[in-house]
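**Student:** Here is what each chain is made of, one letter per residue.
Protein chains: 2
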Amino acid sequence: MRIAIVGSGALGLYYGALLQRAGNELRFLLRRDLDAIARRGLTVTSPNGDFHLDRVQGFARTAEMGEVDLVVVGLKTFDNLHLVELCRPLMAGGAAVLTLQNGLGNEELLAEAFGPERVLGGVAFLGANRGEPGSVHHLGKGHIRLGEAKGGLTPRARELAALFAAAGVPCEPVADLARARWEKLVWNIPFNGLCALTLRTTDRLLAHAPTRAEVVALMHEVIAGANAQGFAEPLDRDRCVAEMMEQTVGLGVYKPSTMIDRLEGRQLELGSIFGVPVEKAAARGVDMVRVRLLWALLGLPEAAPVRA
Amino acid sequence: MRIAIVGSGALGLYYGALLQRAGNELRFLLRRDLDAIARRGLTVTSPNGDFHLDRVQGFARTAEMGEVDLVVVGLKTFDNLHLVELCRPLMAGGAAVLTLQNGLGNEELLAEAFGPERVLGGVAFLGANRGEPGSVHHLGKGHIRLGEAKGGLTPRARELAALFAAAGVPCEPVADLARARWEKLVWNIPFNGLCALTLRTTDRLLAHAPTRAEVVALMHEVIAGANAQGFAEPLDRDRCVAEMMEQTVGLGVYKPSTMIDRLEGRQLELGSIFGVPVEKAAARGVDMVRVRLLWALLGLPEAAPVRA
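In order, the protein sequences belong to chains L and U.
Sequential numbering from 0 applies to the first sequence in numbering that gives the first Met the number 0.
Sequential numbering from 0 applies to the second sequence in numbering that gives the first Met the number 0.
Hints should not be assumed to be uniformly reliable.
Rough simulated footprint, nothing fancy, chain U against chain L, three-plus residues with beta-carbon under 8 Å [what the hints assert, rightly or not]: (1) 203-216; (2) 238-244; (3) 292-300.
Some chain U residues near chain L, calculated using beta-carbon distances under 8 Å [to be verified]: (4) Arg-157; (5) Ala-295; (6) Leu-299.
Don't read these hints as lab results, they were simulated from the structure.
For glycine and all other residues, C-beta sits at the position ideal for the given N, C-alpha and C.
Here chain L stands alone, though its shape is the one from the complex (with noise of 0.2 Å):
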């Protein structure tokens, strides 16, 4: 299959390499990666085993990327503005759109322009970050949970999900994409939330009582937020907090990767895995208050330290 990967950071690099090694043809959209590339190929390192690409098709533009089937999208969602127009030249043919972007509101920019038909979405559960520039560090996981923007378990969603487990990512058609995205928020709110907010990592917040408790009252929040949408099966709520509890201690001293993002001094995904959420339950008569101050603290401008 023809792979266009749109977004090439360490998502899209280590999927996209990992798609080639199984044998389908793939183009990258590469920016800080394209002349490293170039000139030594892709390494990838991973507990799965390191391996290396030789030959990696990289491009700086879509337009001269030419026709593909598919096209994987791994974009920061603050690019969005972009999203559509960098997609554009590779849609002219028949090709379908795969969003793995973080949060919500991703398939829907695509839908708009592309027609709902074409886009499918998917919620991705990776650790993995770029080295220096021609390789990408797998730090464990990697399953992916993917399905119509439209909704409905089609062959087409089965057939991405069976050509992601042929190149080795544990890959789940669901019919539900909508409720998948959500379940995942019911993490990524608090913990890359607060993480972020307060620097600190996920055991901290948890071996702290009254901040586990206002993690649990934000998966609260959340979980309301996302049964008001109308899944055809809700999200069973002390459940899914529990599971989500449990996966957390399991992944001990945590950076969630806004938390990341900030330290690094990068944009942070607010929009996708905050506002749009935020505005999605209120529109379902759900105010998430706690995610909403999150939301706007998380968006004030950095400064320089302030001192006493």
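Using the hints, position chain U against chain L.
**Tutor:** Only chain U this time, still in chain L's reference frame:
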């Protein structure tokens, strides 16, 4: 009048110095400043005029301070575990006690130990900090609103207000001390809380529209918690918010005390400013969810900065 100052931080030293200058007999319970004040007296710098007191009675223990007519408490509220024990020797005679501490719960502690009829409280609006040992810097303002723990506008409250006024501190006796304390919290909770948590000054919170909206939402929560207490004259929500926002603009680049405490690595007054109000509101059926979240996060143990 014979007056004991218990808790000689900036507030205790400043008001004590003014009361002594006005002809009262002051006795200060001192820790850090004990030796310096014994040797060199007490220096006050102030936009209203600097002055120096040559002879100041300082003590290391309240048991040595003798009988007084009035005990003025300026102790930081995180030391309230020792409040009653500190005051007890001074209350052996017929003294009244006036607590000018921050937040809620202080009169209750004293009233339980010494009887409510001996307790008054006041809300101090003061910018002051300690300089080198033996000196205190008054930055501006300094008015007090004081009243009986039991409520009601008594002759004693009027006399104490006159005492402070004669010393140069504008002082208003109020019939409803609890209302005055809650009213101050309408400012302290959002600004002390958010500035301490985000390490941004008040002007920066107001310049960011979503955070400004959260400041207002926090004020609404506190006003709801306040009015649930059943004051004879409830706080007028919109007028209260408008006044406080206007005052805050007037403060310019301002660091509330809790922010300064955190920047200087001191303990924070979380119980009296956040915890007791949350509990008093909850006891009347008002869940101040944003305040509870701030209270939790500000209570996270400080730690070495985390790296990306």
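**Student:** Confirm or reject the coverage of the region 238-244 of chain L by chain U under the rule of 3 or more residues with a beta carbon closer than 8 Å to the chain's beta carbons.
**Tutor:** violated (count 0)
**Student:** Quick check on Ala-295 of chain U please, does its C-beta sit within 8 Å of some C-beta on chain L?
**Tutor:** 4 Å, holds
**Student:** Can we keep the Arg-157 of chain U interface hint, with Cβ of chain L closer than 8 Å?
**Tutor:** With a closest approach of 38 Å, the Arg-157 of chain U hint is violated.
**Student:** Verify the coverage statement for the region 203-216 of chain L against chain U, using a C-beta to C-beta distance below 8 Å and requiring 3 or more qualifying residues.
**Tutor:** holds (count 8)
**Student:** How does the coverage statement for the region 292-300 of chain L fare against chain U, requiring three or more residues with Cβ below 8 Å from a Cβ of that chain?
**Tutor:** It holds, with 7 qualifying residues against the three required.
**Student:** Could you check if Leu-299 of chain U really has its C-beta closer than 8 Å to a C-beta on chain L?
**Tutor:** With Cβ-Cβ at 5 Å, under 8 Å, it holds.
In this structure, the hints that do not hold are numbers 2 and 4, in rising order.
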